[in-house]
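Student: For reference, the chains in residue letters:
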Amino acid sequence: MAHTFRELVIGGVLVAPFMTYAVTALFVVLLIRPLLRFVGFLRIFSNAAIAELSLYVTIFGLLVLFF
Amino acid sequence: MTLPKQVRFLPLGFPLTSWAFAIRVWLAAIVALYVSFWLPLEAPSTALITVAIVAEPTRGQALEKAVFRVIATIIGGAVSIAITGLFSQTRDLLLIAYAGWMGLCVYVAGLLDGNRAYAAVLSGYTVALVAIQQIDNPGHVFESGMMRGAGILIGIVSLTIVSDLLWAPDRHRKLVEQLADIRRRIGNYAKSAILGETTQPMESAALLAEISALRPEASSLMFESSSGQARSVAGDNAAAALVAQLHAARSLNVLPVTADKATSERIVRALERNEGELPPPTVVWRADPQGDAGTTASLAWTLKEILRRDEQVRQNLAALRTDGRPPWHWRPLIYRSHRAAVEGGIRAAIWVALAGMFLVYAGWPATSTSLAVIGALVGLGAMTPNSRATTALALVAAPIAGLLAGLLEFVVLDGVDAFTLLAIGLAPLVIGAALLISLPNRIVSALGRFILIFAVTIFSPANPQTYDGQSYVIFFLLTCVAPSLLLATQFLVPPVSQERRRCWMLMSAREEFAQGPSRDRRDEPEEEMFRDAVRIGQILSAGGNAPNNAETIEEVLSYFDQSSILRLCDDKLKVLAGGPLTALAEEVRASFSKHEPQALRAASQVLCKASPSDHVVADLPAALMVASYHIEAALGRPIHLGEAA
Numbered sequence: 001m002a003h004t005f006r007e008l009v010i011g012g013v014l015v016a017p018f019m020t021y022a023v024t025a026l027f028v029v030l031l032i033r034p035l036l037r038f039v040g041f042l043r044i045f046s047n048a049a050i051a052e053l054s055l056y057v058t059i060f061g062l063l064v065l066f067f
Numbered sequence: 001m002t003l004p005k006q007v008r009f010l011p012l013g014f015p016l017t018s019w020a021f022a023i024r025v026w027l028a029a030i031v032a033l034y035v036s037f038w039l040p041l042e043a044p045s046t047a048l049i050t051v052a053i054v055a056e057p058t059r060g061q062a063l064e065k066a067v068f069r070v071i072a073t074i075i076g077g078a079v080s081i082a083i084t085g086l087f088s089q090t091r092d093l094l095l096i097a098y099a100g101w102m103g104l105c106v107y108v109a110g111l112l113d114g115n116r117a118y119a120a121v122l123s124g125y126t127v128a129l130v131a132i133q134q135i136d137n138p139g140h141v142f143e144s145g146m147m148r149g150a151g152i153l154i155g156i157v158s159l160t161i162v163s164d165l166l167w168a169p170d171r172h173r174k175l176v177e178q179l180a181d182i183r184r185r186i187g188n189y190a191k192s193a194i195l196g197e198t199t200q201p202m203e204s205a206a207l208l209a210e211i212s213a214l215r216p217e218a219s220s221l222m223f224e225s226s227s228g229q230a231r232s233v234a235g236d237n238a239a240a241a242l243v244a245q246l247h248a249a250r251s252l253n254v255l256p257v258t259a260d261k262a263t264s265e266r267i268v269r270a271l272e273r274n275e276g277e278l279p280p281p282t283v284v285w286r287a288d289p290q291g292d293a294g295t296t297a298s299l300a301w302t303l304k305e306i307l308r309r310d311e312q313v314r315q316n317l318a319a320l321r322t323d324g325r326p327p328w329h330w331r332p333l334i335y336r337s338h339r340a341a342v343e344g345g346i347r348a349a350i351w352v353a354l355a356g357m358f359l360v361y362a363g364w365p366a367t368s369t370s371l372a373v374i375g376a377l378v379g380l381g382a383m384t385p386n387s388r389a390t391t392a393l394a395l396v397a398a399p400i401a402g403l404l405a406g407l408l409e410f411v412v413l414d415g416v417d418a419f420t421l422l423a424i425g426l427a428p429l430v431i432g433a434a435l436l437i438s439l440p441n442r443i444v445s446a447l448g449r450f451i452l453i454f455a456v457t458i459f460s461p462a463n464p465q466t467y468d469g470q471s472y473v474i475f476f477l478l479t480c481v482a483p484s485l486l487l488a489t490q491f492l493v494p495p496v497s498q499e500r501r502r503c504w505m506l507m508s509a510r511e512e513f514a515q516g517p518s519r520d521r522r523d524e525p526e527e528e529m530f531r532d533a534v535r536i537g538q539i540l541s542a543g544g545n546a547p548n549n550a551e552t553i554e555e556v557l558s559y560f561d562q563s564s565i566l567r568l569c570d571d572k573l574k575v576l577a578g579g580p581l582t583a584l585a586e587e588v589r590a591s592f593s594k595h596e597p598q599a600l601r602a603a604s605q606v607l608c609k610a611s612p613s614d615h616v617v618a619d620l621p622a623a624l625m626v627a628s629y630h631i632e633a634a635l636g637r638p639i640h641l642g643e644a645a
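From first to last, the protein sequence lines stand for chains A and B.
Take the first sequence: its letter number 8 is residue 8 in our numbering, and every next letter is one higher.
Take the second sequence: its letter number 502 is residue 502 in our numbering, and every next letter is one higher.
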């Protein structure tokens, strides 16, 4: 069965599902920041910025896939 | 043997880091433009301008600016809808409401610094870009706001992805270098003071100004990565500890005794340690049996304080390097001059209202563009020490940008519609301007940014590009009219002069000092020392080459010294509350506002006798003695009453 995407409606304004997922993924990344620091996430990778960007893309992809 | 001279590779005179930054900006601009064309957006230039504005050499700074840009756009968009809803039928009231909102935003910006001030002014001129641009079509304001928001998000995402993928440098490494350099110079200052050499007040003021200028840099670290918050805290603490160390070093100038040779050498060696070396052994002071016990104790305490502060700086610099979280956080307070902010806000509202009235009665076509540019210039000028100079710089940049945009549109591209050719055609303009932005000279850097923003505004990339000569000429002229008109209004109603700002700051320093430490003080003494350092930096910057600037600086440095030591004593006295020495502590605190050295010395002796071995009050008598020497030194210094007139 094809995955259906629901639009968020705020005060009569339709928000594209892409935006909803993007903002949710951003909040998830911000929430797990203390955990990432605790486990030393940045020290594992030579380019921490790309690693964090990839993590964001992964979370975004998982949200789209499962919600 | 002589080592071969290191050769730096500087293509066209710019370092490779500047070239890397410029190419990142160009790539981000192309990605932003491509996505805007593909969606398609109503105004693709918004995404391109966002890249031009948010472009900063390091990731943390760019991300912080981006976050504040989004927040400010949301606030500005909401206010645009409210203003349009209330005054869409009455054009004059709409303009007055816009001028009032700009004034309010400039007032708020006057109380903030860094990207927070930028967010405040952007909230103001977003109304110009959304509501005023749609003055003839109020029903379109919401859509226009949404399109602007979308363009901004695309610009930010493009720049973030390009910066991440192309290894944009992190800010914290550079900040560590800057703080370590200031630590080295404060160490040199302290060494001179320990060895009894003459130190210049302007040198201390310049160091304080330099430290306080790093405050926005430290706060931008928060956005850099998951360790950003810990780094930001370490940066704040290191900056505050540096201010406190300089204060301790300055105390040596007022003490009547100097350390003996052996002790001086030991302290100097301890200050010369690198960050990685072990902490020094505790300073053991050999009291001179011939000298005054109180004086030698105050010297010993001051030397111990210098080393303690140096150790705090070292710990926080190490934490900044290793992403460790410091166990405490000193918030870097800023000095806020409400009077200067109110005057700046009122003037901004007057400039916008006068320029708006002129444009309304001129009756030219598409003048809303000029009004929007005027709003942006008023806002950006409010973030600089001299708003009229910013407008003059924009007036220089506007014709250059117009000519470059014309060259790009009608000579380089000249009718082509392929995106690849547009991308290649934009390269010289974007890369050239970004190279100028990366220069350390603030005027040239601002000129580069203005040129890029104005050129993109005049060129207005669209899909398909119209190549309309008439539209180009109108936009070119209106972009040049905006800074000219604003400059004329700023000559009519001049901005607050630097001299007046300096007087207000000096008066506020005097008033605060006269009141003494407040009883319900909630901030740490180090945080308040940092706020005083910010004020000294602002006075130094406002003074310029004024003949009496050195005297003013000397006076505020004296207030800084006295207030800081009194706050430190006050903190130690608070510990005594509830104990057997409560009454004495209250008596000493009451004497702070009188600024009498004899009273402080008497209190110091009473405390010594009352509890000679109590560890809680161990340092207090010595600190009170140092405070008395600071006050005594200030009493012998002439007061420049003419300053506050």
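Keep in mind that the hints were calculated from the coordinates and are not lab data.
Nothing here was measured: the structure is a model prediction, and the numbers come from that model.
Careful, some of the hints might be misleading.
Some chain B residues judged to face chain A by a derived CB distance under 7 Å, without partners named [unchecked claim]:
hint : residue
1    : T466
2    : Q470
3    : E512
4    : Q515
Covered stretches of chain B, going by a simulated chain A footprint (3 or more residues, C-beta under 8 Å) [what the hints assert, rightly or not]:
hint : stretch
5    : 48 to 62
6    : 221 to 235
Cβ-Cβ distance ranges computed for the label pairs, FRET-style [as the list claims (entries may be wrong)]:
hint : chain 1 : residue 1 : chain 2 : residue 2 : range
7    : B       : E551      : A       : F45       : 53 to 61 Å
8    : B       : L166      : A       : L63       : 47 to 55 Å
9    : B       : R91       : A       : G40       : 58 to 66 Å
10   : A       : L14       : B       : G469      : 33 to 41 Å
11   : A       : L63       : B       : V493      : 51 to 59 Å
12   : B       : T384      : A       : P34       : 31 to 39 Å
13   : B       : V444      : A       : F45       : 48 to 56 Å
14   : A       : I10       : B       : A514      : 35 to 43 Å
15   : B       : D520      : A       : L65       : 53 to 61 Å
Note that beta-carbon positions come from the ideal geometry of N, C-alpha and C, so glycine has one too.
Student: Holds or violated: is there a CB of chain A closer than 7 Å to the CB of Q470(B)?
Tutor: Because about 37 Å separates Q470(B) from the closest Cβ in chain A, which is outside the 7 Å limit, the hint is violated.
Student: Between I10(A) and A514(B), does the C-beta distance stay in 35 to 43 Å?
Tutor: violated, 53 Å
Student: Three or more residues of the stretch 48 to 62 of chain B near chain A by CB distance under 8 Å?
Tutor: This one is violated; 1 residues, fewer than the three required, reach chain A with a Cβ under 8 Å.
Student: The hint says 58 to 66 Å between R91(B) and G40(A); measuring C-beta to C-beta, is that right?
Tutor: holds, 60 Å
Student: Tell me if the beta carbons of L63(A) and V493(B) are separated by a distance inside 51 to 59 Å.
Tutor: holds, 53 Å
Student: Closer than 8 Å Cβ to Cβ for three or more residues is the test here. Does the stretch 221 to 235 of chain B pass it with chain A?
Tutor: Check passed, 5 qualifying residues.
Student: With respect to the beta-carbon atoms only, verify the hint that L166(B) and L63(A) lie 47 to 55 Å apart.
Tutor: violated, 27 Å
Student: Check the following: the C-beta atoms of T384(B) and P34(A) are separated by a distance inside 31 to 39 Å.
Tutor: Distance hint for T384(B), P34(A) holds at roughly 37 Å.
Student: Note whether the CB distance of V444(B) and F45(A) lies within 48 to 56 Å or breaks it.
Tutor: With Cβ atoms ~37 Å apart, the hint is violated.
Student: Hint check: is the beta carbon of Q515(B) less than 7 Å from a beta carbon of chain A?
Tutor: Violated - the Cβ of Q515(B) stays beyond 7 Å from chain A, reaching only about 41 Å at its closest.
Student: Once the shortest beta carbon distance from E512(B) to chain A is found, is it less than 7 Å?
Tutor: Result: violated, 38 Å to nearest chain A Cβ.
Student: Taking the least C-beta to C-beta distance, is T466(B) closer than 7 Å to chain A?
Tutor: The hint is violated - T466(B) has no Cβ within 7 Å of chain A, the shortest such distance being about 29 Å.
Going down the numbered hints, you'll see the structure goes against 1, 2, 3, 4, 5, 8, 13, 14, while the others check out.
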